[in-house]
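Number of protein chains: 2
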Amino acid sequence: MAKSQLLLPSLVLLLFILISKTISQSIIQLSRDRDDVYCNSWRFSVETNDVGYWDYVPSGCVSYVQDYMTGDGYRSDSEVVASYALAFAKTVEIAGDGKDAWVFDVDETLLSNLPYYVLHGFGSEPFDELSFDKWVDLAEAPALQASLDLYKELKQLGFNVFMLTGRSEYQRNATGKNLLFAGYSDWERLILRESSDKGKPATLYKSQKRLELVNEGYRIHGNSGDQWSDLFGFAVSRRSFKLPNPMYYIP
Amino acid sequence: MAKSQLLLPSLVLLLFILISKTISQSIIQLSRDRDDVYCNSWRFSVETNDVGYWDYVPSGCVSYVQDYMTGDGYRSDSEVVASYALAFAKTVEIAGDGKDAWVFDVDETLLSNLPYYVLHGFGSEPFDELSFDKWVDLAEAPALQASLDLYKELKQLGFNVFMLTGRSEYQRNATGKNLLFAGYSDWERLILRESSDKGKPATLYKSQKRLELVNEGYRIHGNSGDQWSDLFGFAVSRRSFKLPNPMYYIP
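Sequence lines, in order, name chains A and B.
Under my numbering, the first residue of the first sequence carries the number 1, and numbering increases by one thereafter.
Under my numbering, the first residue of the second sequence carries the number 1, and numbering increases by one thereafter.
Treat the hints as calculated values from the structure; they're not laboratory data.
This structure is a prediction, so every number in the text was calculated from the model and none was measured.
Just so it is clear, CB atoms sit at the ideal spot from N, CA and C, and this is done for glycine as well.
It is possible that part of the hints are untrue.
[As the list claims (entries may be wrong)] In the BS3-like style, the derived pairs of lysine-lysine whose C-alpha atoms are separated by at most 30 Å in a straight line are: (1) B:Lys90 / B:Lys21; (2) A:Lys21 / B:Lys209; (3) B:Lys90 / B:Lys134; (4) A:Lys200 / B:Lys177; (5) B:Lys209 / A:Lys90; (6) A:Lys99 / A:Lys21.
[To be verified] Chain A regions said to be covered by chain B (calculated; three or more residues, Cβ under 8 Å): (7) 126 to 137; (8) 200 to 212.
[What the hints assert, rightly or not] FRET-style restraints, in silico, Cβ to Cβ: (9) B:Asp97 / A:Ser26: 28 to 36 Å; (10) A:Arg189 / B:Phe234: 48 to 56 Å; (11) A:Gly183 / B:Ala95: 51 to 59 Å; (12) B:Pro58 / A:Glu153: 52 to 60 Å; (13) B:Asp128 / A:Thr91: 26 to 34 Å; (14) B:Asp97 / A:Ser131: 45 to 53 Å; (15) B:Thr70 / A:Ser26: 19 to 27 Å; (16) A:Glu153 / B:Asn173: 48 to 56 Å; (17) B:Pro58 / A:Ser26: 43 to 51 Å; (18) A:Pro201 / B:Gly158: 24 to 32 Å.
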């Protein structure tokens with residue numbers, strides 16, 4: 001009897017805790033869901049290039065971007081893009097003359113600067129060239145795993161891989177070292193901005209460099225990049241693969 | 001005493017029900033979340049044009065697409081795209097010579113065929129021209145609300161609006177009637193496929209029609225469409241606005 005008399009209030013208390021926890025979780029979830037709906041739409045507009053030029057992640061979406069970048073979303077999106085790139089690559093007939101090419105951007109495409117952006121607000125802070133250059137010099141950015149897997153498959157299929165980056169010539173050593181560190185090897189050429197490319201919009205600079213490849217006789221079948229400025233312009237590849245990047249925009 | 005003796009087993013039962021419901025909900029949620037992560041990534045690849053040509057919504061993503069199209073996601077994405085289109089439109093200096101133009105696609109841009117697709121599997125079934133033509137003849141497709149709002153604002157700002165659709169000339173009456181029914185009015189021109197356009201890829205057909213406008217002296221500032229084939233090609237607008245559409249792909 002005494003035991004059941006003690007059990008009763010405990011059970012009532014437990015029920016109360018369980019129900020109030022459920023209710024408060026529901027309220028938090030509801031407000032989170034509403035923010036997420038907007039931030040999801042903001043990301044849609046960013047990734048489809050509807051936003052055009054943008055500076056920072058909206059303040060209301062910073063934790064959304066953090067969750068996306070560090071959770072399943074970013075990894076999964078990158079994997080699915082890579083799977084479509086590979087499916088296309090497998091349909092390409094490799095001529096065997098060494099002219100079948102694939103172009104990769106570097107930052108947020110082959111290499112992930114997530115360890116840097118974790119410490120710099122996931123794109124919510126103004127870009128700080130000084131601290132980013134220091135990070136580049138460390139040459140310790142990990143590979144974007146899906147891109148590394150794709151890269152290896154493309155090499156196996158017989159593609160010649162070109163890396164076309166907005167980084168500058170003075171960063172050649174650090175960039176090459178970092179690419180090796182991350183597991184890349186046997187690329188055909190690493191193309192960086194020369195002094196004559198300084199100040200050019202990325203779309204123009206990258207188009208000109210692709211045109212040089214085309215003029216050398218390369219057939220650019222695929223092009224992978226996290227910015228539309230990696231993919232648009234002239235001398236474009238047969239198929240372009242836009243990787244996700246809700247952290248920053250390069251015109 | 002007797003009362004509390006009855007209360008005790010009831011409370012234990014209630015607790016048991018509550019806990020087992022929570023657990024089973026968690027398991028369902030977990031598997032749903034996993035599917036959603038993939039389908040979200042599939043939608044990312046579709047909307048960024050990474051997939052290229054695709055026939056149907058993957059069978060594992062049909063209910064995901066249904067939820068997206070009938071829930072907050074589609075409405076919110078359309079609204080955010082429209083907000084960026086309007087923000088850009090407001091930066092355009094209207095010359096007052098009647099040559100400042102905006103081009104809209106019709107299906108899934110100005111008009112929503114969702115009532116049709118609700119009955120036809122949300123893009124999971126092969127396209128059935130016969131039943132779709134019957135639906136077109138009804139001329140009862142509602143407006144995509146965000147596009148209607150944008151349309152009215154653009155008219156206010158002084159843009160001349162062109163509607164450029166993949167529909168054919170024989171559907172001119174039904175299409176015009178439907179646009180009026182949905183709330184659109186005072187468009188400059190409704191452009192449909194003539195017999196000479198039959199069989200042309202949408203990108204070519206729409207580029208040629210835009211080029212005709214450019215040759216008539218129109219300045220195409222903005223272009224809104226749910227397909228990349230509405231936006232790519234030549235004689236492209238200064239800014240393009242890709243609306244969401246995870247139900248079908250038009251090359």
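Hint check:
1. B:Lys90 / B:Lys21: violated (52 Å)
2. A:Lys21 / B:Lys209: violated (60 Å)
3. B:Lys90 / B:Lys134: violated (39 Å)
4. A:Lys200 / B:Lys177: The hint is violated at about 49 Å.
5. B:Lys209 / A:Lys90: violated (35 Å)
6. A:Lys99 / A:Lys21: violated (62 Å)
7. 126 to 137: violated (count 0)
8. 200 to 212: Result for this restraint: violated, n = 0.
9. B:Asp97 / A:Ser26: 28 to 36 Å: violated (57 Å)
10. A:Arg189 / B:Phe234: 48 to 56 Å: For Phe234 of chain B against Arg189 of chain A, whose Cβ atoms are near 31 Å apart, the range 48 to 56 Å is violated.
11. A:Gly183 / B:Ala95: 51 to 59 Å: This hint holds: roughly 55 Å between Cβ atoms.
12. B:Pro58 / A:Glu153: 52 to 60 Å: violated (22 Å)
13. B:Asp128 / A:Thr91: 26 to 34 Å: holds (29 Å)
14. B:Asp97 / A:Ser131: 45 to 53 Å: Cβ of Asp97 of chain B to Cβ of Ser131 of chain A: about 50 Å, so the range 45 to 53 Å holds.
15. B:Thr70 / A:Ser26: 19 to 27 Å: With a Cβ separation near 22 Å, Thr70 of chain B and Ser26 of chain A satisfy 19 to 27 Å, so the hint holds.
16. A:Glu153 / B:Asn173: 48 to 56 Å: Taking Cβ atoms as reference, Glu153 of chain A and Asn173 of chain B lie about 53 Å apart, which means the hint holds.
17. B:Pro58 / A:Ser26: 43 to 51 Å: Taking Cβ atoms as reference, Pro58 of chain B and Ser26 of chain A lie about 31 Å apart, which means the hint is violated.
18. A:Pro201 / B:Gly158: 24 to 32 Å: Holds, at about 30 Å.
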